[in-house]
Amino acid sequence: MQIPYTVAERPDTGVFNAKLGIWLFLASEVMLFGALFSSYILLRTGALAWPHGYTILNVPLATLNTVVLITSSITMVMSWVALRNRDFGKYRKYIGGTVLLGFVFLIIKAIEYGAKFEHHLYPSENTFLAIYFTLTGLHGLHVIGGMIVNAYFWGPGSKMWVTDPERFTNRIEVAGLYWHFVDLVWIFLFPVLYLL
Amino acid sequence: MSNTQASNGAHARIYVVVFVALLALTIVTVSLSYLHLSVFPSVLLALIVASIKGYLVSNYFMHLISERRLIYAILVLTGIFFLSLIFLPLSHFHDRVG
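Residue numbers (my numbering), protein chains in the order written: chain A, 1 to 196; chain B, 1001 to 1098.
Hints in this document: simulated from the structure, not taken from any laboratory.
A few chain A residues that don't get close to chain B, going by computed Cβ distances all over 12 Å:
no.	residue
1	Met1
2	Phe88
3	Gly89
4	Ala115
5	Asn126
6	Thr134
Cβ pair distances, simulated, as ranges:
no.	chain 1	residue 1	chain 2	residue 2	range
7	A	Leu42	B	Gly1009	44 to 52 Å
8	B	Pro1041	A	Leu64	20 to 28 Å
9	B	Ile1048	A	Leu32	18 to 26 Å
10	B	Gly1054	A	Pro156	32 to 40 Å
11	B	Leu1088	A	Lys159	44 to 52 Å
12	A	Leu64	B	Val1039	21 to 29 Å
13	A	Gln2	B	Gly1054	35 to 43 Å
14	B	Ala1012	A	Leu43	40 to 48 Å
15	B	Val1016	A	Tyr152	23 to 31 Å
16	B	Gly1009	A	Thr45	46 to 54 Å
17	A	Pro165	B	Val1043	45 to 53 Å
18	B	Leu1088	A	Pro156	39 to 47 Å
Heads up, incomplete: computed chain B residues facing chain A, CB under 7 Å, no partners named:
no.	residue
19	Asn1008
20	Ala1012
21	Leu1022
22	Thr1026
23	Val1030
24	Ala1046
25	Gly1054
26	Phe1061
27	Met1062
28	Arg1068
29	Leu1070
30	Ile1071
31	Ile1074
32	Ile1086
33	Pro1089
Note that CB positions come from ideal geometry on N, CA and C, so glycine has one too.
Just chain A, with the same shape it has in the complex (with noise of 0.2 Å):
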């Protein structure tokens, strides 16, 4: 049986399934972290004292992974004009060059942890720490997830561009619209966290 709605446009919603499916998974996504930010909120506003971001965390390191998400956003939409233009070569280097940013990101992430346990700052340390560990974890999570399914595209997944090129364009589509998400995540705790 023919799933439907994989490339067509509902008539009632407007969009392909999938599209319908990744907002309401982003809506839920953006509670998430709301919920998160609150936290961190109510945390900052009832504290007594409260460090700057920039006095404990690693500012040049947080400003390289902002541009190296930024940067991967970019090869992710490119990835998507890639396969619009039926050029499935193009295709494999921006989204390859999506992985590799991720993965660049991630080990950048780790120095950064690695960094802060050397000198025994851990979450248990202080309330700051922890929200810090809580919110940028969970992020790295979410990249990690990304890379995960973009790594698909990348490979196995891709053999769908032979068979079914529109629904597999539009695959990437959704995919790029979650990838882009944790880019808009982190472009809100990079000042929060380490610049406030």
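Knowing the structure of chain A, use the given hints to seat chain B on it.
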């Protein structure tokens, strides 16, 4: 070159412009932190710059600029609940101060 390819080429150019703008705004975000402003203006400025970056990512990379009405409806509803979550602890803060 087909019309579709020409349109995709135009999209690609917009994405590159957005990418450069995002990099520039990252520099602005970091530079603002070196001004060592007091809490309120520094939070306000950081959130304004982050919101502009968020606007660029969501509107261009996530195509929200030309999305269907149903998606906007989902996001408006999400936004209402999100803002409720954010302002809930702030009301506690005002209670404490007051």
